[in-house]
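K.L.:
As a plain string of letters, each chain reads:
Number of protein chains: 2
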Amino acid sequence: MSSAIAKPIYFFDEADGKNRALLGGKGAGLAEMTKLGLPVPPGFIITTDICEKFYEAGKRLPDGLMDEVRKSVRRLESITGKKFGDAKNPLLVSVRSGAPVSMPGMMDTILNLGLNDQTVEGLAAQSGDARFALDAYRRFIQMFGKIVLGADDRQFEKALVGNGINNNSSDEKALRQVIASFRSLCEATGKRFPDDPYKQIELAIDAVFRSWTGKRAVEYRRQYGITPDMANGTAVTVVAMVFGNMGRDSATGVVFTRNPETGEKKLYGDYLVNAQGEDVVSGKANPSHIDQLESEMPQVFGQLSQVCQKLENHFRECQDVEFTVERGRLYILQTRTAKMSAGASVKTSVDMYHEGLINKVEALQRIDPEGLEQILYPRIDSHVKQKPVATGVAASPGAASGIAVFDVAKAEAMGKRGEKVILIREDTKPDDVPAFFQSVGILTTRGGKTSHAAVVARGMGKPCVVGCSQIEIDPEGASFSVAGRVAVSEGQKITIDGSTGRVYTVEVPTVAPEITSEFKEILQWSAEMKAIRIRANADTPESATLARKYGAEGIGLCRTERMFNQHDRIALFTKMVMAETEQEREKALAELERLQKSDFKAIFKEMQGLPVTIRLLDPPLHEFLPKEEDLMMQIFELKSEGGHKAESEMLKREKMLRRVRELSEINPMLGHRGVRVGITFPEIYEMQIRAVCEAAADLTKEGVKVESQIMVPQVATVNELATVRHMFESVKRDAEHRHKIKLKIVFGSMIEVVRSCLVADEIAHVADFLSFGTNDLTQATFSFSREDAEGKFLPFYLEKGVIAVNPFQSIDQKGVGRLMKMTIEMARKVKKDMEIGICGEHGGDPKSIEFCTAIGLDYVSASSHRIPIAILAAAQSAIRGNKSKLSRFLTD
Amino acid sequence: MSSAIAKPIYFFDEADGKNRALLGGKGAGLAEMTKLGLPVPPGFIITTDICEKFYEAGKRLPDGLMDEVRKSVRRLESITGKKFGDAKNPLLVSVRSGAPVSMPGMMDTILNLGLNDQTVEGLAAQSGDARFALDAYRRFIQMFGKIVLGADDRQFEKALVGNGINNNSSDEKALRQVIASFRSLCEATGKRFPDDPYKQIELAIDAVFRSWTGKRAVEYRRQYGITPDMANGTAVTVVAMVFGNMGRDSATGVVFTRNPETGEKKLYGDYLVNAQGEDVVSGKANPSHIDQLESEMPQVFGQLSQVCQKLENHFRECQDVEFTVERGRLYILQTRTAKMSAGASVKTSVDMYHEGLINKVEALQRIDPEGLEQILYPRIDSHVKQKPVATGVAASPGAASGIAVFDVAKAEAMGKRGEKVILIREDTKPDDVPAFFQSVGILTTRGGKTSHAAVVARGMGKPCVVGCSQIEIDPEGASFSVAGRVAVSEGQKITIDGSTGRVYTVEVPTVAPEITSEFKEILQWSAEMKAIRIRANADTPESATLARKYGAEGIGLCRTERMFNQHDRIALFTKMVMAETEQEREKALAELERLQKSDFKAIFKEMQGLPVTIRLLDPPLHEFLPKEEDLMMQIFELKSEGGHKAESEMLKREKMLRRVRELSEINPMLGHRGVRVGITFPEIYEMQIRAVCEAAADLTKEGVKVESQIMVPQVATVNELATVRHMFESVKRDAEHRHKIKLKIVFGSMIEVVRSCLVADEIAHVADFLSFGTNDLTQATFSFSREDAEGKFLPFYLEKGVIAVNPFQSIDQKGVGRLMKMTIEMARKVKKDMEIGICGEHGGDPKSIEFCTAIGLDYVSASSHRIPIAILAAAQSAIRGNKSKLSRFLTD
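Listed in order, the protein sequences are those of chains W and G.
Everything in the first sequence is counted per UniProt numbering, starting at 1 for the first residue and increasing by one.
Everything in the second sequence is counted per UniProt numbering, starting at 1 for the first residue and increasing by one.
If you are wondering where the hints come from, they were derived from the structure by calculation, not from laboratory data.
Being a predicted model, the structure only gives us computed values, none of them experimental.
Hints are supplied without guarantee of correctness; some may be wrong.
Covered stretches of chain G, going by a simulated chain W footprint (3 or more residues, C-beta under 8 Å) [unchecked claim]: (1) 659-673; (2) 750-761; (3) 770-781; (4) 785-795; (5) 804-817.
Below are the DSSO-like pairs computed for lysine-lysine, each with C-alpha atoms no more than 27 Å apart in a straight line [what the hints assert, rightly or not]: (6) G:LYS7 - W:LYS832; (7) G:LYS7 - G:LYS88; (8) W:LYS821 - G:LYS831.
Every residue, glycine too, gets a C-beta built ideally from N, C-alpha and C.
My request is simple: use the sequences and hints to build the entire structure.
P.N.:
As structure tokens, this is what we get:
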């Protein structure tokens with residue numbers, strides 16, 4: 001190794017613990033702890049630079065590296081007073097991987113290195129415990145054999161069993177036999193098991209470097225998006241061995257500085273007396289809770305508590321610490337930032353702020369917004385280990401248990417009786433929505449995240465799993481099968497988890513959400529910090545109440561068609577669609593208007609003057625009629641039934657069937673819907689606009705503040721918008737005239753059709769505000785029907801990396817984002833201060849919120865249930881985007 | 001009228017005949033003819049300015065206008081020697097409308113004005129024919145009564161019949177009775193019939209001005225897109241009456257300077273002896289052909305021939321001339337540019353060029369490209385007046401008669417026996433295509449211009465009417481009904497006209513297309529003139545031959561899936577989709593490869609080194625499987641049949657049904673198709689690319705020049721394209737290696753997904769060329785599914801003017817066009833000379849071709865059958881876009 005090359009090896013006491021890129025996480029932690037004066041065994045780090053060189057040289061250790069290693073080992077010898085390969089007092093080391101980014105368990109580690117037939121006897125003599133030494137030796141051979149020589153691990157396990165060995169209960173003779181068979185298993189690979197400790201360490205270092213590109217490691221990095229600029233190789237740490245298995249005064253364990261489940265400020269972890277680290281990790285033995293240590297080894301416990309406090313004070317994050325006690329003496333082998341549950345993350349962040357450890361900005365940045373879902377919905381108790389029977393698409397978060405019911409009417413009736421019901425269907429229609437209200441969860445075998453069931457359930461905040469195609473509902477609809485075998489019959493209990501898509505055929509315990517005071521504090525700070533307004537997608541007064549509770553600043557999307565999704569209303573709507581005379585239609589519309597008006601009044605009242613954006617009818621009319629197959633089936637049944645009454649019922653169905661066929665479409669997503677329906681059937685939009693105006697007028701006269709926005713969906717051309725605006729102005733004028741008041745109602749356009757982006761300047765002349773509907777815009781921009789894509793090719797695309805991120809989850813910034821930027825620019829050229837927002841599901845996605853903030857949107861509107869996530873994400877975006885304005889916060 | 005205002009009235013001999021805007025078409029023509037010394041009766045014109053003032057003043061004649069009229073009438077009196085209102089020698093005039101743009105019959109005209117109970121006697125004495133005078137008077141009262149006083153015309157007709165009056169056969173007494181009843185019909189309106197001729201003329205002028213905003217006129221202008229800048233009012237011409245009904249030496253008629261049907265250079269027209277103009281127009285009498293005039297009135301005929309020659313020489317366009325012969329003296333009452341058939345337009349333009357009347361540029365500009373469809377396809381003989389039984393969507397031009405057949409297999413069998421068959425179906429599937437080949441025309445009751453039937457028929461150039469929803473096919477499929485009554489049973493003859501959408505229940509005579517030498521000459525000139533290359537959409541060697549014949553410069557779109565649309569192939573393709581083992585699939589693919597290769601070879605050979613762009617598979621796989629309903633029906637039938645064989649057949653169908661359901665999609669237009677299939681089932685694209693390479697290699701070795709382009713459909717992301725490029729390079733390299741030659745095959749992308757426009761720079765790095773697929777791009781940009789839109793709301797939108805032009809017919813320049821311009825700009829920034837074209841149906845639309853030329857596309861690709869239209873349109877675009885470069889042409 002030429003001297004021109006950077007230093008390849010650092011001892012813990014000479015390395016810069018901040019330089020994780022060079023030292024790897026493990027090495028950096030050890031160096032940092034050494035500097036803090038904590039009891040770390042001595043050792044050194046071979047840098048990640050060397051790993052890079054290893055690969056540059058075609059997987060060969062750089063020339064001269066082993067000379068440096070030998071030098072370092074000699075220094076280790078002088079520190080420990082032991083000698084590498086010495087038959088009397090042998091130095092043993094561990095050789096571990098450690099990348100700049102944590103990849104737990106993904107790369108290789110070898111312990112007890114330095115043992116051979118001679119040194120094992122020295123270790124036995126030194127420790128006075130031959131069984132311990134032999135056990136250490138057999139462990140070493142097994143690890144080395146497997147990792148370096150490529151021997152089959154199952155053969156080792158077989159040999160253990162064959163020789164009657166289990167943990168902590170084996171006699172010397174058996175151990176010696178095992179060692180003999182282990183060594184011959186190694187020889188069987190055709191490679192020699194080296195007795196020379198320097199050969200051992202050389203091969204071990206080589207193996208650790210190789211494990212960087214092992215299958216598991218590569219897959220892990222792909223999965224977690226770890227790119228070369230984040231971590232370009234692993235470091236190798238070589239540490240003098242300490243032993244937790246040297247008797248009853250020895251132990252090994254893992255401790256969290258605070259409880260990673262709850263955030264409670266109290267040590268949390270497990271340990272095993274007289275054991276080596278891998279015994280804790282492997283789960284072979286039953287460890288004790290760390291509380292036990294206080295009575296079992298009070299001094300060590302005290303020392304460990306102090307170490308933890310010191311580590312927290314230093315790193316200002318909860319730590320996950322590995323320790324070993326060797327004959328009463330505590331050693332710290334590793335520390336890293338603890339992975340915590342969302343609740344713990346919230347609590348510890350707020351606590352640490354109040355303890356003065358961190359400031360508010362740090363506290364906010366520490367919490368994963370997506371993780372908050374765990375807190376906001378009921379979840380499966382993490383202690384339960386139950387195997388799911390099937391997994392579908394996680395469509396609406398939260399977990400629920402209930403009675404499996406396959407029939408809509410039955411589900412509704414049972415729900416009304418107070419029973420907990422999970423509705424199971426192939427797919428659902430607006431007709432089924434009354435049953436949704438009465439169910440605790442919905443499971444379908446078809447459809448994706450935009451299927452009817454998914455969208456409605458999310459709107460209601462009910463757990464929902466869709467597209468669970470492993471499940472087959474039997475034709476009689478009284479059970480479902482998985483892999484050809486009946487798994488659940490009607491009436492049995494099942495559990496679904498809409499956060500993971502899992503389905504269980506038993507009742508699984510769930511944990512209810514809880515809004516803690518710390519959580520409220522985080523929301524409070526976030527609201528102060530964020531640079532974009534947060535509104536809610538809310539269609540009902542209940543949803544509006546929830547949104548307000550979480551701090552929404554208005555309603556950005558109120559889907560009027562959702563209001564039709566109740567039994568009495570859907571019947572009215574069907575009547576309206578089926579009306580044969582103007583009179584019949586007018587009558588149905590008048591009744592619908594009365595209902596919509598009362599809904600709007602309730603929502604306006606709840607929002608007390610905060611803006612409420614009402615979207616006019618969007619879905620195609622055929623969504624409100626029964627399905628063709630169902631009608632055909634009913635007609636068939638009535639036919640075979642016969643009789644006078646059946647005859648007349650049949651004729652009714654046949655008429656409806658004709659209408660259903662008339663309205664049916666090949667590509668309903670691109671069909672007769674939204675403003676296209678509003679223009680061809682103007683009486684529907686007129687009715688809705690009138691309901692808004694009347695509701696606003698009534699409340700205004702009662703002294704309630706109302707700020708309403710009416711929004712037109714699916715606009716492609718300015719003429720469409722102008723046509724509806726004309727209608728709006730005339731209805732509003734009329735209402736103002738009748739009530740003799742001025743109404744504060746503005747008029748705007750959804751931007752969800754590509755063309756509306758391209759002519760945003762024209763649209764801006766006619767609209768008072770714009771709101772992006774990025775669900776539909778994404779579908780049109782990609783020519784992907786979300787339901788078809790997510791069921792067919794999109795999973796494949798994501799797996800193969802053809803598309804990096806699902807564009808329906810996070811805004812596609814290059815494509816859809818470009819259209820959004822164009823739109824904003826063109827629209828604001830026409831009206832400088834035009835309000836532009838986004839509704840639709842991207843409004844609740846943290847990455848999308850950051851993008852929306854950056855391109856200058858006024859607000860994002862997210863599902864009521866996701867408002868806290870959106871508020872936190874908005875605060876984080878503000879922090880990242882605008883560090884300079886943070887002074888107040890940083891010192892607050 | 002103040003003197004500061006422009007001159008309100010011009011006499012024919014003082015007006016500028018070029019100023020149609022001021023004088024209207026009729027007035028300008030009369031002025032021009034007067035200047036040419038042609039025998040025009042004297043008269044004057046009230047300008048369109050006055051019409052505008054009339055409307056500005058709230059439909060009131062401007063002050064002072066009648067003074068000017070009186071002055072002009074006095075001048076007319078002095079020219080004619082007659083006197084307005086004189087009981088002895090009365091001057092009679094016609095008062096006619098005449099707008100700057102021809103609107104034949106849409107506004108009002110009054111003849112014989114000046115008659116009353118006194119002057120009629122003078123006319124009788126003057127003419128020596130009391131019956132003539134009384135007839136003129138009753139005609140005047142009728143016209144005046146109807147137009148000015150608003151009397152009900154049917155009452156006049158009743159009165160005529162009641163008094164036993166018919167043309168040219170009525171006695172004086174009857175006429176006097178009629179006049180009396182006519183006058184009382186006028187009085188019945190509550191308005192007075194004025195006897196004062198000046199009151200008459202005042203009211204007549206007022207009525208003509210009013211007729212400018214009459215319902216018919218407004219509708220006509222909307223229909224033909226006549227905007228205020230093209231014509232902002234009508235002029236009024238007042239002409240001294242001449243009479244064609246003054247005896248056997250008088251006549252009236254209409255003559256075309258050349259035959260407007262054929263273009264033959266020979267007078268063409270009709271006349272009536274002893275009649276007034278309206279008799280010819282109304283069709284009440286049977287006129288004689290103009291040839292007759294030569295023997296009947298040789299001198300007049302000679303004079304008329306000279307007049308026609310003079311008019312043609314002057315206007316350099318065929319003229320449509322109205323004339324009257326009054327007692328042997330010829331008068332010309334009107335001339336205008338003749339409306340001609342497409343064939344006549346081609347012939348006369350070429351003839352006039354050879355006669356030295358016009359240059360090539362003028363000749364080219366004179367022909368309506370769209371009109372050429374008439375020449376290129378068989379058409380219904382224009383002399384046939386047959387009422388259609390129903391009208392559907394005109395989906396593929398041309399007319400055809402044949403035997404109505406409702407069953408696909410039957411149609412195929414009968415066609416193979418040489419019978420002329422029209423296939424009638426609700427809709428069609430690829431399965432049905434073999435029957436298309438054997439039919440002379442296709443009629444469906446569902447779908448729009450992009451339905452399967454429409455697209456396939458257009459590709460084959462076969463007449464097709466789709467979406468003919470008035471027709472209901474009976475469930476047994478042996479007849480169809482219209483309005484509940486059986487209209488056609490299987491085996492009967494029917495005729496369809498794919499140019500108009502009309503369906504006839506009889507055999508209607510059709511005219512075969514004929515490519516004349518003049519037509520070839522026009523194509524030749526166009527090819528020299530145009531500034532963009534024209535390629536053809538051609539999927540078969542036959543279509544390629546046709547394209548070459550018309551002068552296509554390559555194939556811009558060869559849809560490989562069309563090649564699967566034959567019985568043997570579709571079965572193979574189905575086998576491939578249904579394959580359960582890798583082996584089965586490989587076998588089917590190998591067979592398909594062999595067939596595709598031979599198709600490609602045939603097409604390459606035909607195109608002799610001209611570029612051929614091959615698009616890889618585009619439609620979703622389910623298009624190649626039977627329909628769900630059909631399978632269900634078959635299974636049902638097999639079930640009731642029973643038996644061993646039926647059982648096994650049933651199982652097969654059930655398996656297929658499962659696959660059909662698995663592949664079914666909610667929005668197939670946005671589903672699993674194009675490159676998405678190519679990536680998830682790579683073996684399909686590999687097979688197709690290999691077939692292209694092998695075909696090219698074979699031919700290259702045979703010495704045939706091949707220039708091929710492979711094109712990927714539905715690309716949304718650069719990674720998709722890169723994935724297929726990788727496949728392409730490897731297959732090509734392999735073929736080159738195997739055959740030891742270099743292949744000239746380039747690789748490009750369709751641009752038909754919005755996102756591909758937004759990331760065109762990225763795409764350009766991976767593509768050698770780009771080709772816009774504006775059909776799909778338009779659907780995605782508007783979020784309109786064409787099939788659904790054209791069946792549902794688009795007709796309504798077009799009718800109400802929400803959308804001015806169907807964006808599927810002509811490129812939406814503001815929206816889709818903007819995406820295209822962005823794409824071109826971004827792509828050429830990456831590759832300066834990148835070839836960019838357009839395929840899809842807009843490639844054959846003249847307006848779209850002009851747009852494509854303007855934005856710098858290299859070529860447009862149109863259906864083989866529309867190549868002549870595209871070439872002519874391209875030439876016209878070049879002329880409009882680039883007048884300065886025309887010098888050679890202008891003098892050539």
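K.L.:
Each of the hints needs a verdict: does it hold here or not?
P.N.:
Here is what the structure says about each hint:
1. With a cut-off of 8 Å between beta carbons, the segment 659-673 of chain G has 8 residues touching chain W; three or more are needed, and the interface restraint holds.
2. Chain W is given as covering the segment 750-761 of chain G, and this holds because 6 residues of the stretch bring a CB closer than 8 Å to a CB of that chain, at least three being needed.
3. With 4 residues bearing a CB less than 8 Å from a CB of chain W, the segment 770-781 of chain G meets the requirement of three and the coverage assertion stands.
4. Taking a C-beta to C-beta cut-off of 8 Å, the segment 785-795 of chain G contributes 6 residues in contact with chain W, enough for the three needed, and the coverage statement holds.
5. Figure legend: the segment 804-817 of chain G, annotated as covered by chain W; annotation consistent (4 residues with Cβ-Cβ distances under 8 Å, at least 3 required).
6. For the proposed pair G:LYS7 and W:LYS832, the alpha carbon gap of about 50 Å is over 27 Å, so the pair is violated.
7. Restraint check for G:LYS7 and G:LYS88: the C-alpha separation of about 33 Å exceeds 27 Å, so the hint is violated.
8. Between the alpha carbons of W:LYS821 and G:LYS831 the distance comes to roughly 25 Å, so the proposed pair stays at or under 27 Å and holds.
When held up to the earlier numbered hints, the structure conflicts with 6 and 7 and fits the remainder.
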